[in-house]
Amino acid sequence: MTPELGHFALALAVALACAQAVLPLWGAHNRDPRLMASGPALALGQLIALATSFGCLVWSGVTDDFSVSNVARYSSSLEPLFYKITGTWGNHEGSILLWCLILALCGGVVAVFGRDLPSALRARVIGVLGFTSAGFLLFALTASNPFTRVWPPPIQGQSINPLLQDPGLAMHPPILYAGYVGFAIPFAFAVAALLEGRVDAAWGRWVRPWTLAAWCLLTCGIALGSWWSYYVLGWGGYWFWDPVENASLLPWLTGTALLHSAIVVEKREALKIWTVLLAIGTFSLSLSGTFLVRSGLLNSVHTFASDPTRGVFILALLAIVIGGSLLLFALRAPVLSAAGVFAPVSREGAIVLNNILLCSLAAVVLTGTMYPPMAELLFGAKLSVGPPYFHDTVIPLVAPLFAAMSLGPILPWKRADLGAALMKLWWAALAAALVGIAVGFGVRDAFAALGLTAATWMILGAAAQLVERTRLFRLPWRASRERLGAQPLAVWGAAVAHAGMGVTIAGIAGMALASSSVVAVKTGQTVALGGYDWTLLGLHNAPGPDYVSRVADLRVTRDGRQVALMHPARHDFTVQHQNISDASIITNGMRDLYAVLGDERDGQVVLRLHVNLMAPWIWLGALVMALGGGLSLADRRLRVGAPARRRRAAQTVPAE
Amino acid sequence: MTRLFAAILVLLALTGGAHAVSDPAEMLANPVLEHRAEALGSQLRCLVCQNESVEQSNADLAKDLRRIIRQRIVAGESDRQVMAWMVARYGDFIRLSPPFDAMTLLLWFAPAIAVASGVGAALLARRGRAAPPAPLSVAEREHLDALLDP
Amino acid sequence: MEALTRRRLLMLGPLAIAAGAGGAGAALLLRMQEGRYDPHALPSMLIGKKLPVFTLPGQPPSAGFSSADVTARGRPAVVNFFASWCVPCVEEAPTLAALKRDGVPLWGIAYKDKADATAGFLDRHGDPYVRVARDESGTVGIDFGLYGVPESYLVDASGIVRWRWAGGLSPDIVHQDLLPKMRALA
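Protein chains in written order, with the numbering used here: chain Z, 4 to 659; chain X, 3 to 152; chain P, 8 to 193.
In case anyone wonders, no lab produced these hints; they're calculated from the structure.
The beta carbon of each residue, even a glycine, is placed where N, CA and C say it ideally should be.
Worth double-checking, as some hints may not be accurate.
Said to hold, decoys possible - Calculated from the model, a selection of chain Z residues having no Cβ within reach of chain X, i.e. all distances over 12 Å:
| # | residue |
| --- | --- |
| 1 | Arg118 |
| 2 | Pro399 |
| 3 | Val554 |
Unchecked claim - Under 10 Å between C-beta atoms, here's a sample of chain Z residues computed to sit facing chain X:
| # | residue |
| --- | --- |
| 4 | Ser72 |
| 5 | Ile88 |
| 6 | Ile158 |
| 7 | Gln161 |
| 8 | Ser303 |
| 9 | Pro347 |
| 10 | Leu360 |
| 11 | Leu369 |
| 12 | Tyr392 |
| 13 | Ala517 |
| 14 | Ser520 |
| 15 | Val522 |
| 16 | Tyr535 |
| 17 | Arg604 |
| 18 | Gly606 |
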């Protein structure tokens with residue numbers, strides 16, 4: 004019964020999405036207030052229907068209803084409850100349904116929080132969201148339906164891939180998709196603005212909170228995926244430039260550019276065309292990423308069960324959504340005119356540089372990822388592009404980006420004196436140089452030295468933003484403190500986010516100094532690595548819910564004092580005949596101790612040991628960046644797309 | 003067909019044991035040579051597993067290739083010779099960093115082309131911008147004042 | 008050119024790029040469906056080159072053989088790598104048996120397999136080979152550019168590799184590719 008209900012709710016959602024796509028846009032075109040007002044209601048209706056559908060799928064998994072083929076193929080009754088729930092999105096059909104749910108959520112969120120938007124704009128935004136939803140829901144209903152049944156139902160499901168039975172990976176898709184799909188809202192705003200034929204400062208202000216929210220979620224999603232790789236895959240790597248990882252990085256890069264560009268539209272009414280193009284481009288990259296991952300075109304660790312027929316459907320969907328929006332852009336954008344003029348050296352100029360560098364980074368990552376299939380198509384050559392290529396090309400691009408990151412926020416709008424601005428940062432530059440020299444001579448690793456120099460520059464540069472605004476040391480202490488308190492949250496947000504990037508870079512640089520070793524030890528034997536002594540105490544077996552573990556007990560000491568007791572393990576999954584390694588990681592915020600259990604032979608146990616310096620900072624930095632984004636989001640000036648409450652009565656109605 | 007082959011590949015990957023640890027007995031005694039071997043291994047793609055290097059992978063084929071790399075380094079071959087040996091058997095696909103030749107020009111020049119296009123677009127946009135409106139003439143200013151303060 | 012027209016052309020850029028990418032994507036998908044594109048497959052470097060030189064011990068009771076032996080009779084032949092632990096090898100066994108009946112010389116190399124396991128495999132699924140050799144270390148396989156089993160190499164009378172199939176041979180592949188090529192070489 005429940006799967007039938009879910010199936011029906013899905014079909015209902017399709018119908019509502021189609022209505023949502025047509026009616027509000029028609030209403031905005033004809034300036035019909037009733038049709039325009041139908042938008043929010045339809046969006047909420049679609050959300051409720053889809054939430055019901057998704058809930059039914061989750062319920063089928065929880066109750067072990069193996070007559071639903073999706074549950075039979077990807078779940079089993081032996082799994083813990085948590086994984087029965089999260090396993091709903093651990094496969095193709097379920098994850099598409101999750102995607103659609105989040106898209107519907109976007110529509111609902113605009114319906115609820117977008118009340119202060121002009122009705123025509125809101126109607127158009129919801130209409131565009133409905134159009135995209137309709138396309139994906141049709142795909143879900145026809146080509147990738149999670150509610151198909153299998154009869155007779157098997158007694159036991161084939162169970163989820165053991166690699167996915169992990170809390171980090173279980174939560175990774177929802178957060179990542181929320182980021183990916185969240186960029187649909189700025190996309191809808193861009194298309195709506197093109198349909199209206201007007202991009203102005205107000206539009207810039209309205210677009211920013213949605214972009215920030217999506218950006219924060221995407222940052223967290225990518226960081227979570229990277230962290231999961233680190234602690235599961237067993238040799239301390241955290242980014243492989245795998246095509247699927249690159250597909251998530253691309254919208255993040257252009258999304259960051261979009262974030263900054265929207266500021267210029269709001270403050271100076273310039274860079275309108277850039278911003279609209281970035282909004283369309285970011286969501287296009289999200290969609291293309293979906294296509295690439297599910298089509299099987301790429302050589303990747305993450306491929307889902309690839310099915311070329313699904314690929315055709317998604318490609319057609321992409322052609323309509325992306326092609327349509329870019330065509331609209333080509334038709335309408337040329338008449339958008341900028342009002343603000345600015346000199347090359349100014350904050351706007353710095354943001355233009357930022358845009359160019361971020362988009363170049365995106366172009367390089369895209370080229371590297373797509374080159375193998377393209378080369379095969381055009382030249383018949385079989386090439387592969389891996390991490391060494393990306394290191395060689397990305398690092399020269401991020402270097403000027405990091406340098407400019409601290410300088411940009413210090414520059415005034417419209418016209419700036421570069422020399423004067425640089426003088427304001429003299430202390431940050433000095434500190435960065437000192438750190439670089441100290442690290443360089445201390446550990447003799449160029450990568451680590453440069454990385455930590457950049458990190459210091461970025462973190463102190465972020466602090467410099469606040470120092471400048473409070474005129475620290477130029478005004479009395481109390482006056483500076485008052486100014487600090489009076490700073491809007493957006494200023495704090497920007498400083499914290501920039502500092503967060505510095506923290507991540509520091510972590511990456513520190514990892515270059517990690518020590519690691521693969522050793523074969525007997526019980527009772529001690530090995531020295533990275534300033535610690537590692538002793539194997541023994542091995543034992545331990546049962547788990549659907550696996551049997553072999554666990555090693557490892558004692559780590561430093562100068563005789565016990566630092567940690569580690570239990571790296573290996574899980575043998577009975578149903579799928581697969582072994583999964585469970586690395587043991589002990590962190591103290593500044594370094595990770597990392598141990599992996601390997602083979603046992605001739606009475607010896609093979610262990611892989613790492614001391615990863617500053618590894619936690621990589622993900623801590625991402626968290627700080629997201630926090631910065633959150634602070635900006637909390638700034639009242641951004642969230643409410645209108646003046647403060649007490650002046651609501653004076654708010655003008657658009658002359659339409 | 004490809005599904006069958008995928009099954010072979012999976013089987014190969016699993017028979018090596020899904021342990022993400024390599025054997026310390028593999029490592030060379032000489033740390034300098036071992037470092038070279040690891041660097042070379044990181045430049046080669048493991049053909050059985052997806053998107054891992056020969057150094058990282060725990061597949062049988064990767065183990066064999068690691069052993070061969072070390073044998074050849076100990077025998078005195080240079081990095082370039084070992085790489086050429088691998089490419090002769092598996093093609094450019096085994097290289098994680100593609101060679102620099104006529105086919106990969108676009109790939110290697112991508113950063114430069116991207117930045118140049120961006121700067122070019124920005125310059126074009128500046129030039130194409132409409133000039134700000136001319137300041138008001140005296141007659142126009144008087145007309146405006148009359149409208150604002152009736 | 009008028010400024011506005013130049014801007015219009017510039018704004019068409021993104022659409023043009025997206026259209027190009029989309030077209031390429033469609034072409035790749037089409038090829039994948041036809042089986043002409045596989046991101047995981049590797050073309051053989053040996054096509055058009057002589058067989059790698061090797062000498063391998065035999066799988067008892069067969070004698071071993073060398074690269075020269077394969078073409079000693081002056082006819083095209085097929086070198087087939089297999090292993091007892093490989094599932095598609097079991098599936099291709101009937102096809103290989105049919106090839107033996109048709110008189111195609113098959114030279115088998117047991118890749119990274121224990122002698123008794125290989126013997127058991129040949130007992131269960133038949134021995135279609137002229138001779139069976141053992142490549143226990145896998146070194147000869149690497150010289151061939153092998154990256155999985157089974158793989159089959161068609162060698163002409165002078166010892167040059169003309170065709171390679173990675174994966175199990177099926178009757179379709181044999182009739183569409185292998186036999187026509189052998190006839191062309193004879």
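Structure-based check of each hint:
1. Arg118 of chain Z, annotated as away from the interface, keeps every beta carbon of chain X farther than 12 Å; the closest lies near 34 Å.
2. Remark: the non-interface label on Pro399 of chain Z conflicts with the geometry, its nearest Cβ contact in chain X lying 6 Å away (cut-off 12 Å).
3. Distance check on Val554 of chain Z: its Cβ is at least 14 Å (rounded) from any Cβ of chain X, clearing the 12 Å threshold; non-interface status holds.
4. For Ser72 of chain Z, the suggested interface contact is broken, since its CB lies about 19 Å from the closest CB of chain X, more than 10 Å.
5. A hinted interface residue such as Ile88 of chain Z counts as satisfied when its beta carbon comes closer than 10 Å to some beta carbon of chain X; here the least separation is about 26 Å, so the hint is violated.
6. Using the Cβ-Cβ criterion of 10 Å, the hint placing Ile158 of chain Z at the interface with chain X is not satisfied: the shortest such distance is roughly 25 Å.
7. Nearest Cβ of chain X to the Cβ of Gln161 of chain Z: about 15 Å, over the 10 Å cut. The hint is violated.
8. Because the beta carbon of Ser303 of chain Z sits about 6 Å from the nearest beta carbon in chain X, less than 10 Å, this interface hint is met.
9. The interface hint given for Pro347 of chain Z holds, since its Cβ lies 8 Å from the closest Cβ of chain X, which is under the 10 Å cut-off.
10. Taken as an interface hint, Leu360 of chain Z checks out: its beta carbon lies about 7 Å from the nearest beta carbon of chain X, inside 10 Å.
11. Residue-level restraint check for Leu369 of chain Z holds (minimum Cβ-Cβ distance to chain X is 9 Å; threshold 10 Å).
12. Proximity of Tyr392 of chain Z to chain X holds as hinted, the smallest CB-CB distance being about 5 Å (cut-off 10 Å).
13. Checking Ala517 of chain Z against chain X: minimum C-beta separation of about 14 Å lies over 10 Å; hint violated.
14. The criterion of a C-beta within 10 Å of any C-beta in chain X is met by Ser520 of chain Z, whose closest approach is roughly 8 Å, and the hint holds.
15. Among the interface hints, the one on Val522 of chain Z holds; its C-beta lies about 5 Å from the nearest C-beta in chain X, closer than the 10 Å criterion.
16. Nearest Cβ of chain X to the Cβ of Tyr535 of chain Z: about 18 Å, over the 10 Å cut. The hint is violated.
17. Among the interface hints, the one on Arg604 of chain Z holds; its C-beta lies about 9 Å from the nearest C-beta in chain X, closer than the 10 Å criterion.
18. Interface restraint check: Gly606 of chain Z against chain X, minimum CB-CB distance 14 Å, threshold 10 Å, status violated.
Against the hints set out earlier in the document, violations occur for numbers 2, 4, 5, 6, 7, 13, 16, 18.
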